[in-house]
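**Q** In this text, residue positions in the sequence shown follow full-length UniProt numbering: the first is 1, and each later residue adds one.
Keep in mind the hints are simulated off the structure, nothing from the lab. C-beta atoms are modelled at their ideal positions from N, C-alpha and C, and glycine is treated no differently. Worth double-checking, as some hints may not be accurate.
[Said to hold, decoys possible] Ranges between beta-carbon positions, derived for each pair:
1. D208 to S398: 41 to 47 Å
2. I459 to D381: 22 to 28 Å
3. Q469 to Q92: 16 to 22 Å
4. P73 to N152: 45 to 51 Å
5. C458 to P497: 51 to 57 Å
6. D381 to F170: 51 to 57 Å
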Amino acid sequence: DTGPRDLEIPTRGVKFRFCYSILSSLSTVLCRGRCLVHRNGHGAGGDASRSRSPHRPVAWRTEADPDDAVPQPPRFRPKRIPGVQPPLNAAQSPGEIFSKFFDDEVLKCLCENTNKNAAKKKENGKTFAWKEIAPEELQKYLGLLLYMAVCNFPKMVDIWRRNTIFHVPFPATVMSKDRFMAINSILHISDPEEDVANGKKKGTEDYDTFHLVRPLLEMMRSRCMSNYHPKQHISVEDRMVANPTKWGLKFFVLADVNGYIIDFKPYTGKSTLSSGKGVSFDVVTSLVDKDYLGSGYIVYCDNFYTSPALFQHLKKQGFGACGTYREGRLGVPSSQENALHKRSPRGSIRWIRDGDLLFVKWLDSREVSICTTVHPVYSGDTVLCWQKNEDGHFESVSVPRPTAVTEYNKYVGGVDTSDQVLGTNSVLCKTKRSNMTVFRHLLDIAVTNCFILHKELCISKQQKHKTRQAFQEELAAHLLGVCLDGRPEFPSQGHFPVPTSTRDMGRRHRASLGRKQCTVCKRSTPWKCQQCSVGLCLQLERNCFLEFHQRPKMSGFA
């Protein structure tokens, strides 16, 4: 009997009837499907560009397996000589370095827009006392912000408090409290007339969320890039800034390994670029600019940014890339054959190479997944860790560590280093205006970058650099127009030597009457400065009076 026959399959008392011809048809279809999978590496009708794993499902390999496709390191060809750019040099003071960021153009822009904002408020009917601000006065305002950050007052107005044991007399000699608070409330970065035009665009794609700080934002970006050129290893990360609103502010940052902020972009809630590959892809490609950097740079990033599509794009642009990745992301291996498991010994390594991409998994205290286009699998690196032995005691053991993990830990911390330096004596404080939060953060970036430039210049000359606090103290004193010991930066009239005492007690006691200790040599002297009121020697072989008034600034606030 060659005709189709019915097959009865009893299942829970129900008889299902299948036709041999239907089974034959299904078998043929399945066989064809398997043939298609075998030929192109993905299901019938599939598209290689949408595969979530390498085209051919392969098993994870171990560190003992040879890696025959180790990539050649990219040739480093920067656009400029890496490091601090001329005319900056080690002989320049903190104030001179800071003037490369907050230069005349920046100060003029802030003063003009602040004065326009005050005039506009008065036109709208608000009554307040206002005198137009000039760049010199704005510098003093910035100096007081840095001064407050060093002294760490709970509130800004506390430095003008009187009738208390915590009274600080110096700030009142620079600027009154009312004037400082007036500048603080009227300070405006953008042109008020352009603010109106931007407000009319709200709800459209042309609306700029950061319009109120855009001029200073772009000027700081330009100056950060012009004053320094990064070394070969750079990192892309994000930074959160405290904000009066609920969600805060996020900045995407490109940093050198020493913590210098090369470039940054604020997060506006959506991608304004047209790549169609997501925010993380657009952020990295916009920050890593070949026309500015050159080629041969190695970019390090975390799992928010890492994707095979991004790393392949950077490879085509002449950049290397290395970063941790998330499981399940498009293009990431999903094979479970010979994969790590919970009982794998600590330090176990698994890897798969897919073209230019190397995917590595390493078992530390937890599983670490990393992707790279520039590193070999394993170069013999080891790391010490604590591990419980059979007796239940912890002992230090040496375990292998993939090369990519070693290099990632070494170079990815640029933004973290910047955050640590920036968090020291930061000018950020609670404010009701988001634009003032951004303004203070940009001031922090400028001061932090200035300090890193100072360190780099001193290291290049094998000189000892200042501490972060000492640097900011000297910078604040420069902006306030005084020396760190409280003397005017440019000596005025009235610095004359006078006797320490004018009492007449006879010739016998005249030589020792009213003597003071010399501020310079610490010896006893009958002379002092009339204006400074400090003891100073005035002799042919020891002219401490002249030395005191010509010496460089000291290293701390009085």
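**Q** Each of the hints needs a verdict: does it hold here or not?
**A** Hint check:
no.: 1; hint: D208 to S398: 41 to 47 Å; result: 54 Å, violated
no.: 2; hint: I459 to D381: 22 to 28 Å; result: 27 Å, holds
no.: 3; hint: Q469 to Q92: 16 to 22 Å; result: 19 Å, holds
no.: 4; hint: P73 to N152: 45 to 51 Å; result: 46 Å, holds
no.: 5; hint: C458 to P497: 51 to 57 Å; result: 37 Å, violated
no.: 6; hint: D381 to F170: 51 to 57 Å; result: 54 Å, holds
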